[in-house]
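Chemist: Listed below are the residues making up each chain.
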Amino acid sequence: SQTIHQWPATLVQPVGSPLSLECTVEGTSNPNLYWYRQAAGRGLQLLFYSVGIGQISSEVPQNLSASRPQDRQFILSSKKLLLSDSGFYLCAWITGTGELFFGEGSRLTVL
Amino acid sequence: GEDVEQSLFLSVREGDSSVINCTYTDSSSTYLYWYKQEPGAGLQLLTYIFSNMDMKQDQRLTVLLNKKDKHLSLRIADTQTGDSAIYFCAGFPTSGTYKYIFGTGTRLKVLA
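Going down the list, the sequences are from chains A and B. Taking this note's numbering, I'd label the letters of the first sequence as residues 1 to 111. Taking this note's numbering, I'd label the letters of the second sequence as residues 1 to 112.
One should not assume that every hint holds.
[To be verified] Not the full set, but computed from the structure, chain A residues with beta-carbon under 10 angstroms of chain B:
(1) SER1
(2) THR3
(3) ILE4
(4) TRP7
(5) LEU11
(6) PRO14
(7) ARG42
(8) LEU44
(9) GLN45
(10) LEU90
(11) ALA92
(12) THR97
(13) PHE102
(14) ARG107
[Unchecked claim] Listed next, the in silico DSSO-like pairs over lysine-lysine satisfying Cα-Cα at most 30 angstroms (straight line):
(15) LYS36(B) to LYS68(B)
(16) LYS56(B) to LYS68(B)
(17) LYS79(A) to LYS99(B)
(18) LYS36(B) to LYS99(B)
(19) LYS99(B) to LYS70(B)
(20) LYS56(B) to LYS80(A)
FYI, nobody ran anything at the bench for these hints, they're computed from the structure. Heads up, the beta-carbon is just placed ideally off N, CA and C, and yes, glycines get one too.
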């Protein structure tokens, strides 16, 4: 069966520090992968999606970047965090019928 | 661009029915979905409806789709305290992109 994992689950970072969130998928190959951000009490904002290794589409021109070094690995990064980067980050992959499976989420607090 | 709107809050008493509404602008999605998000967790698929259907019933859940008005609703019968969560409607437009479009989310609070 397919599984998706994110880590770390929670982190607190100072403004200006770097960020790396990792997402891995198991049990499927060549998945379409997504990074979403959810600010407190808000809806989902699509940040990046990837249809294959090294293929990243950015939806939000901010200080975040994404990479897909392996088929089932999706990484969200930042060189210098801003206060506005705080939020709940969700990784997801999509099935052939359009169902999204989400990871457990990573809660980032920037102080 | 694509837009999906939901009311932000809904409060109901335990045992009553809940109706969560959603309106959308892009009608090219083959399927329309309802996701549930419990506190501190990711989203989970609750149910979905094929775009050529008007209604789908799944135990306590009833999905109604009005394509003419671009309106989707989720009815939860006999609402329980465990149904308290945020509910998102979503579509996956077949417009050549891989963008999954979510509504703004409706926070359902069930009062005992």
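Chemist: Next, verify each hint and record whether it holds.
Modeler: Going down the list of hints, with the structure as the test:
1. Contact between SER1(A) and chain B, as hinted, is not supported at the beta carbon level, the nearest pair being about 15 angstroms apart and thus beyond 10 angstroms.
2. The interface hint given for THR3(A) is violated, since its Cβ lies 12 angstroms from the closest Cβ of chain B, which is over the 10 angstroms cut-off.
3. With its C-beta approaching chain B no nearer than about 9 angstroms, ILE4(A) sits inside the 10 angstroms limit, and its interface hint holds.
4. For TRP7(A), the interface hint is violated, the least distance from its beta-carbon to any beta-carbon of chain B being 13 angstroms, above 10 angstroms.
5. The interface hint given for LEU11(A) is violated, since its Cβ lies 14 angstroms from the closest Cβ of chain B, which is over the 10 angstroms cut-off.
6. Contact between PRO14(A) and chain B, as hinted, is not supported at the beta carbon level, the nearest pair being about 23 angstroms apart and thus beyond 10 angstroms.
7. Taken as an interface hint, ARG42(A) checks out: its beta carbon lies about 8 angstroms from the nearest beta carbon of chain B, inside 10 angstroms.
8. Below 10 angstroms, beta-carbon pairs count as interface contacts, and LEU44(A) has one with chain B at about 4 angstroms; its hint therefore holds.
9. Taking 10 angstroms as the C-beta cut-off, the interface hint given for GLN45(A) holds, the closest approach to chain B being about 9 angstroms.
10. The beta carbon of LEU90(A) is positioned within 10 angstroms of a beta carbon in chain B (closest approach about 5 angstroms), and the interface hint is therefore held.
11. For ALA92(A), the interface hint holds, since its Cβ comes within 10 angstroms of a Cβ in chain B; the closest pair sits about 8 angstroms apart.
12. Nearest Cβ of chain B to the Cβ of THR97(A): about 7 angstroms, under the 10 angstroms cut. The hint holds.
13. Hint on PHE102(A) holds. Least Cβ distance to chain B is approximately 3 angstroms, under the 10 angstroms limit.
14. Interface restraint check: ARG107(A) against chain B, minimum CB-CB distance 8 angstroms, threshold 10 angstroms, status holds.
15. A hinted pair counts as satisfied when its Cα atoms are at most 30 angstroms apart, and LYS36(B) with LYS68(B) qualifies at roughly 26 angstroms.
16. A hinted pair counts as satisfied when its Cα atoms are at most 30 angstroms apart, and LYS56(B) with LYS68(B) qualifies at roughly 17 angstroms.
17. Between LYS79(A) and LYS99(B) the CA atoms are separated by roughly 26 angstroms; this keeps the pair inside 30 angstroms, and the hint holds.
18. With a CA separation close to 19 angstroms, the supplied pair LYS36(B) and LYS99(B) stays within the 30 angstroms bound.
19. Distance restraint check for LYS99(B) and LYS70(B): the Cα-Cα separation of roughly 19 angstroms lies within the 30 angstroms cut-off, and the hinted pair is therefore satisfied.
20. With a CA separation close to 47 angstroms, the supplied pair LYS56(B) and LYS80(A) exceeds the 30 angstroms bound.
Hints 1, 2, 4, 5, 6 and 20, counting from the list given before, are not met by this structure.
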